[in-house]
Every structure is written in structure tokens, then in C-alpha cells.
Amino acid sequence: MINWTALIVFVLLFGLVTWIGFIAAHWRRGDLTMLHEWGLGGRRFGTIVTWFLIGGDLYTAYTFIAVPALMFGAGAIGFFAVPYTVMIYPILYIVFPRLWSVAHKHGYVTSADFVRGRFGNRWLALAIACTGILATMPYIALQLVGIQVVLGAMGIETGGLSGDLPLIIAFVILAAFTYTSGLRAPAMIAIVKDLLIYITVIAAIIVVPLHLGGYGKMFAAIPPAKLLLAPPPAGSLGSFSAYATLALGSALALFLYPHSITGILSSSSARVVRRNAAALPAYSLMLGLLALVGFMAIAVGVQSMPEFAAGFKSYSNNFAVPALFLAIFPSWFVGVAFAAIAIGALVPAAIMSIATANTFTRNIYREFINPACTNAQESQMAKIVSLVIKAGALVFIFAIPFQFALYLQLLGGVWIIQTLPAVILGLYTRMLNGWALLIGWACGFCLGTWMAASVNFAPVYPLHIFGTTVPCYIALASLVVNVVVALVLSLALNAVSSDRHKDVTVAGDYA
Amino acid sequence: MSARPDEHLPARPVAWARLLLLIPFIAVLWVPFYNGVEPTWAGIPFFYWYQLLWIILSAAIIAFVYRLEH
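Top to bottom, those sequences are chains A and W. Numbering-wise (the working numbering), the first sequence opens with residue 2 and increments by one. Numbering-wise (the working numbering), the second sequence opens with residue 24 and increments by one.
Treat the hints as calculated values from the structure; they're not laboratory data. Careful, some of the hints might be misleading.
In silico lysine to aspartate or glutamate, EDC-like type, Cα no more than 20 angstroms apart, as pairs [as the list claims (entries may be wrong)]:
no.	chain 1	residue 1	chain 2	residue 2
1	A	K106	A	D510
2	A	K314	A	E158
3	A	K106	A	D504
4	A	K503	A	E368
5	A	K227	W	E61
6	A	K218	W	E92
Let's have the full structure, built from the sequences with the hints guiding it.
Spelled out as C-alpha cells, the structure:
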């Protein structure tokens with residue numbers, strides 16, 4: 002049965018952001034036939050816009066659905082999103098203003114641009130570019146899942162061809178305004194999206210505990226096995242090392258994603274990046290509170306309510322948050338909350354598709370296919386690629402089982418972290434050799450993929466170190482191998498023939 | 024919108040202050056320290072409020088380092 006009140010509010014809000022998406026082209030007008038204007042908003046975003054943009058970019062709709070769903074299903078281990086979010090901002094503060102500076106100086110639009118300039122090795126740059134595209138594709142597809150779940154929760158049948166229609170409409174809208182407005186569209190929409198998300202989360206963390214009789218009662222309703230991490234068995238670090246490495250590995254990977262780098266490079270100065278490192282944790286707090294919404298769903302008992310049985314059957318634990326909202330809030334507010342989630346999918350999906358389009362155009366098209374292209378051709382190519390990528394994501398979600406998209410997103414994290422030595426270490430030192438980095442990348446990539454496959458695509462692999470079992474996030478374990486290979490080979494290769502002379506950057510570019 | 028004149032001045036890195044940024048890492052990576060229910064705060068188990076508190080503390084540390092360097 003369709004929840005009309007919620008649906009009408011939802012459609013109105015969705016219409017509002019569509020309109021904003023199109024008028025954004027005129028905001029701080031620039032020449033949209035230049036790639037840095039279309040794909041980086043002209044590098045002109047100040048502290049506040051950057052705050053909304055990066056916040057809207059990193060805290061995606063999928064996060065809002067999946068983090069509470071993990072808490073709901075698996076308990077305390079799902080809270081690793083909080084230590085992860087604690088660690089990302091010191092990294093942002095220290096490392097990424099350097100990337101901003103060197104990118105500004107040399108006109109770099111992507112991390113692969115930087116690697117190309119720094120190491121003068123087009124094959125290494127190609128590896129970085131392809132990794133970025135590959136890791137982001139399933140991420141875009143997962144944003145669609147967020148929209149699908151809330152549409153289903155409003156009573157729209159999401160199976161079959163007619164059921165796919167609302168999702169197709171949403172994506173056509175997204176594709177159209179990204180094409181015309183570039184990064185300006187998600188930057189402007191992010192402001193609306195974040196306001197809606199804040200309203201929703203604040204309402205949830207106030208209203209639901211009131212309904213339950215306080216946080217104490219809520220936590221009392223959580224089964225002991227879910228309340229804390231299980232103490233490790235003898236001879237193993239158990240869930241402790243799994244929890245810590247998941248948080249650390251995810252934190253190291255986050256800012257390597259093309260969409261994160263797009264958000265950073267679009268800001269107007271390195272100072273804006275640093276200021277945001279101090280201001281963005283406001284979102285983290287929201288994420289932490291949102292994780293608790295998963296527990297609220299347990300305490301309210303949505304799983305045993307007959308009206309939600311069908312929803313859980315279709316969307317499993319991802320249905321926990323929508324079910325909680327339906328159970329607690331009046332229909333009009335359900336519309337607001339669901340619109341927040343759906344619009345929360347559009348913003349990152351737009352930025353991700355722009356970021357992958359920038360990467361393809363700069364580092365594959367211009368480098369390997371048409372080196373003589375004009376700036377206008379380059380920008381046009383990026384616009385078209387952004388459409389292709391979104392169409393690809395749509396096909397992906399319809400043609401491939403949901404579980405598969407999840408596996409690929411997990412692998413995406415394992416893959417993207419392999420670009421860390423070239424991108425992050427490369428910002429600090431030129432002692433690494435381009436070829437050594439490429440071989441290190443290949444080793445990390447293959448090993449990580451193999452480890453993930455061997456544990457049936459769980460994120461954690463049980464390492465055996467001196468007789469102790471250490472469950473470790475695969476991305477982190479494979480990164481260590483990558484770094485060691487890159488270091489050792491660099492020493493060897495530099496002794497034979499150094500490639501340092503190929504570096505087009507100088508020390509002063511990094512401050 | 025034109026940037027403020029000081030907008031592109033580089034930060035003056037203060038090494039000891041940057042070391043402070045390591046504290047949040049230690050605080051949240053030492054899992055056995057905080058994997059417990061007691062002491063609860065307003066009904067919230069230690070495991071949860073401790074980690075949420077570190078979001079605020081790490082933001083405060085970053086803001087402090089920023090002030091020092093600009």
C-alpha cells in the first residue's frame with residue numbers, strides 16, 4: 002500500500018533539489034567548457050561550501066542505511082565507523098593540504114595527474130586512474146540501493162520493469178543536472194541535503210529515546226552479544242584487531258577515492274582544507290548518533306512487527322532504519338526523512354561520477370587516446386563519460402545481485418588503498434621509484450583480492466603471526482605488502498638507474 | 024568571491040603540536056581499554072560514549088593545532 006502523504010512530501014523535496022541542480026550552472030559562473038570549471042567548480046569553494054560538499058560526499062546515503070543496518074544486525078562491531086571517522090580528520094589536516102598545493106600549482110585535477118607529474122611514469126598513473134574508476138563504480142551503484150530501499154518503504158513495488166522506473170527517473174534527473182552544471186550542482190544540493198539529514202537525525206535521537214523511556218532503556222534492550230565486542234579467544238586477537246584494523250584501514254583509504262580528492266581539490270585554498278579538518282567532525286558526531294539508530298530499531302522491535310515482514314524480506318537489515326521511521330514518525334516526517342536519504346544518494350553519486358569522469362578524461366583519454374585534444378574537447382568528453390558511468394551504475398544495480406555489489410564495494414576499499422604509496426608517500430618523498438610503486442601496487446592488488454576471495458568476501462582475514470591469530474582488515478594487510486615491495490624495489494632500482502629527474506614538481510610546490 | 028589576502032599563506036608547521044594529532048589514533052585503536060559497559064553515562068555504556076567523546080576531542084585537538092599554525 003502506498004503511503005501517499007510521505008510520497009508527496011518526498012516528491013516535492015526531490016523536485017526542489019532538481020530545480021537547484023539546474024540553476025547551479027549559473028552559480029559563481031565559470032566557463033564550463035574547461036575541465037577544472039566543470040569538474041572542480043573552478044577551485045573556488047570556500048570553507049562553508051567545502052564543508053557541505055565534502056560532508057555530503059563522504060557521508061553517503063548508503064552510509065545512512067548501512068551503518069545502522071550493521072549495528073542492527075551485527076551489533077558493536079558496526080560501531081567501527083566511529084573510530085574510523087575519528088582518524089580521518091588528522092590525516093586530512095596533515096596530508097591533503099600538500100596535495101591541494103601541488104595540484105593548484107600544476108593544474109592537477111586528479112590524483113593520477115599528480116602521480117604522472119611526480120613520477121613521470123604514465124603506466125603508474127594509468128594504474129592509479131584505473132583503480133580509482135574501478136573502486137568507485139560499485140560505490141555509485143550502492144547509492145542506488147539507498148534510494149531503492151526508501152522507495153520500497155513508501156510502498157512502491159521496486160521489483161520488475163515498472164518498479165525500476167522511479168529509480169531510472171531519479172538517475173536521469175541526476176545525469177541531466179550533472180551534465181549541465183558539473184560540480185556546482187552537488188555542491189549546492191549538498192546544502193539542502195545536509196539540512197534535511199540533520200533534521201532527521203536530531204529528530205530520531207530525541208524522539209525515539211523519549212518513546213522508549215531513555216537511552217538506558219534502549220541499551221538494556223540490546224542482547225549482550227551485540228552490546229560489546231566479543232572477548233578474543235585464547236591465541237587470537239579476535240574481534241579487537243578486526244575492529245581496530247577495519248577502522249584504521251578504512252580511514253587510510255577514504256581520501257584516496259577520486260570523489261574525496263575532487264572535494265578537496267575544489268576548495269579555494271589549502272587553508273580551507275585545514276579549516277575543514279577541524280569543522281567536518283560535526284558530521285562524524287551525526288554518523289555516530291546515526292549508528293545508534295540501528296540499536297533503536299532493535300529496541301523498538303521493528304523486526305517482529307508484521308507490517309514490516311515484507312520489507313525485511315526484500316531488503317534484509319537495510320530495511321531497519323526505514324522501518325523505524327515508519328513505526329515512530331508521522332507520515333509527513335517520514336517523507337522528509339526518506340527524501341533526505343534519497344537526496345543523500347544523489348549528492349555523492351553526482352560527485353563520484355564527476356570524479357571518475359575527470360579521471361578517465363585526464364588520465365586515459367588525454368594521455369593515451371587523444372593527446373592533442375583541446376580544453377573544450379576534454380571538458381565535453383568528461384561530461385559524456387559522466388553519463389556513461391551513471392548508466393553503467395544503473396545497469397549494474399539491475400543486472401547484478403545486491404550481494405555482488407557489496408562484495409565489489411568491499412574490494413573497492415582493498416583496491417583503492419593500494420594507491421596510498423604513490424599518492425600519499427609520494428607527497429613527502431621522491432625516494433620511491435615509479436616502477437617499484439607500480440609493482441608494489443600490483444602485488445597489493447592481487448594479494449588483497451586473493452585474500453578477500455579466500456574468505457568468501459568477508460572484510461577480515463585471519464593472519465597467523467608467531468602462533469597468534471590476528472584477524473586483520475584485508476586492505477591494511479595487503480597495503481603493508483605493497484609498501485614493503487615498493488620500498489625494497491625502489492632501493493634496488495634507484496641503484497641501477499634513478500628516475501628522479503622525471504619529477505616536474507619542486508619542494509616549494511607542496512607548501 | 025575573492026579570497027582573503029592571507030588565504031594562500033602557508034601554515035607554519037609546529038612539530039610538537041602535530042604530534043598531538045597522534046593521540047586520537049592511540050585512543051581509539053586500543054580497543055581492550057574501552058570495550059566495557061562501566062562506567063555508564065546517562066545510561067550509555069562506556070564503549071559508546073567513550074568513542075563518541077573522541078570525535079569531539081579529536082576535533083578540538085585539530086582546531087588547537089590549526090590556531091597554533093595560522
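These are the hints, each one checked on the structure:
no.	hint	result
1	A:K106 - A:D510	6 angstroms, holds
2	A:K314 - A:E158	13 angstroms, holds
3	A:K106 - A:D504	14 angstroms, holds
4	A:K503 - A:E368	16 angstroms, holds
5	A:K227 - W:E61	16 angstroms, holds
6	A:K218 - W:E92	45 angstroms, violated
When the structure is compared with the earlier hints, a violation turns up for hint 6 alone.
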